[in-house]
Amino acid sequence: MYTQGLDQRPADGATKAGDDPAALAAFQARVDREEKIEPNDWMPQGYRRTLVRQISQHAHSEIVGMLPEGNWITRAPSLRRKMILLAKVQDEGGHGLYLYSAAETLGVPRAEMVDQLLAGKAKYSSIFNYPTLTWADIGAIGWLVDGAAIMNQVPLCRCSYGPYARAMIRICREESFHQRQGYELMLKLAQGTSEQKRMAQDALDRWWWPSLMMFGPSDRESIHSSQNMAWKIKRVSNDELRQKFVDATVPQGHYLGLTFPDPELRFDEASGHWTHGPIDWSEFNRILAGDGPCNRERMAARRKAHADGAWVREAAAAFAAKRARRQRAEAAE
Amino acid sequence: MAEDRNDWPLWEVFVRSRNGLAHRHVGSLHAVDGEMAVEMARDVYCRRAEGVSVWVARSADIVASDPARKDDMFEPMVSKIYRHPTFYEIPSEVKNI
Ligand SMILES: [Fe+2]
Ligand SMILES: [Fe+2]
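Sequences listed follow chains R and D, in order. Heads up: the first sequence is residues 1 to 333, going by our numbering. Heads up: the second sequence is residues 334 to 430, going by our numbering.
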């Protein structure tokens, strides 16, 4: 999954104390020439802070994003669906790890990022604080949530920070399967019994608006993007990405024979785009502030998983220490 | 959480994607030792047959050139244009050279 739209603070400015103006100008020139910035290169403090925040939030989103879908693994209706869902959830775990690894190149230890998440101090994508009530939700998540993630992530493959861009390339290669398996699932339900079709419609009704919110606040409200655009951390604006997603997704939904929960949704001949009704940003803000339907449950599940894994971490460390001692003893003989 | 801080060392992962190609850096991970790092590298970086061989090396053991010294480090090679075949003019009548 995904990044962006979480961070409502202004971007850390380029001109904060400590950065030499000549170095800043040279840095901006490198970015303007489309050179990639690598871990040991000089970078403005604000650039580093912005990236650490964005990449770690993105990593947390991948990890927390395993929970709503993991909820259905044992209840998948067939072995085929179970294998697919397992593989997809495992991919999301992998995405989290690629991203933690990219963030670590900026000098933050992973343990620190994990601690922040578990302490409830870090943000992750609002979308994972909604419940997965029926099997159709697994289809809707793949189709809509991963679909929105792809729209967001493709421009990030060209991000100016090398390790982040490379992680995004790996992730994007894997996301397409996520979206397609979800759409195929929706298609099966939409072509199934009336009860199955009703389930598919209900899932679309519940996931549509939250998916649109994934792109973050409207460009009119987002104060922080211009610096991120100049640094080429962000390449395409929130509203532009959202529009691309709506244009791609609405015809796919109509093919399923489903309707979107937006009476104002219509095709605008003049612009060639689908226009949608207003988004309820109060819901988005409430969830980001920690008060969504599943925020507490998600954090409790993460903390429990971390605590339950403590003995594994301890045992592995003890075993490695024992083996290292034995190897040293053998070498000394 | 602080009691079990993840102090496992960081490892850099290199994957050979096909026979005949060189290993290529793909990312990093934490593991207690090399054996565990190889197994985790399989799960994290090779879920779709991305490789036929994995190398791992402790990140702390990697010595890198200093990006701030990039210019004087690599400049001597840039100015030695006679190291490139295009430096030499050969009459067009002469073939296969
Ligand atoms: Fe993902
Ligand atoms: Fe995904």
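Just so you know, these hints were derived from the structure itself, not from any lab. All C-beta atoms in this analysis are idealised placements derived from N, C-alpha and C, irrespective of residue type, glycine included. It cannot be assumed that every hint is accurate.
Claimed, not checked - Simulated coverage check for chain D against chain R, where a stretch passes if three residues somewhere in it have a Cβ under 8 Å from a Cβ of chain R:
| no. | segment |
| --- | --- |
| 1 | 361-370 |
| 2 | 399-409 |
| 3 | 413-425 |
Structure-based check of all given hints:
Three residues within the 8 Å Cβ limit are the bar, and the segment 361-370 of chain D against chain R gives 6, so the coverage statement holds. Chain R is given as covering the segment 399-409 of chain D, and this holds because 3 residues of the stretch bring a CB closer than 8 Å to a CB of that chain, at least three being needed. Figure legend: the segment 413-425 of chain D, annotated as covered by chain R; annotation inconsistent (0 residues with Cβ-Cβ distances under 8 Å, at least 3 required).
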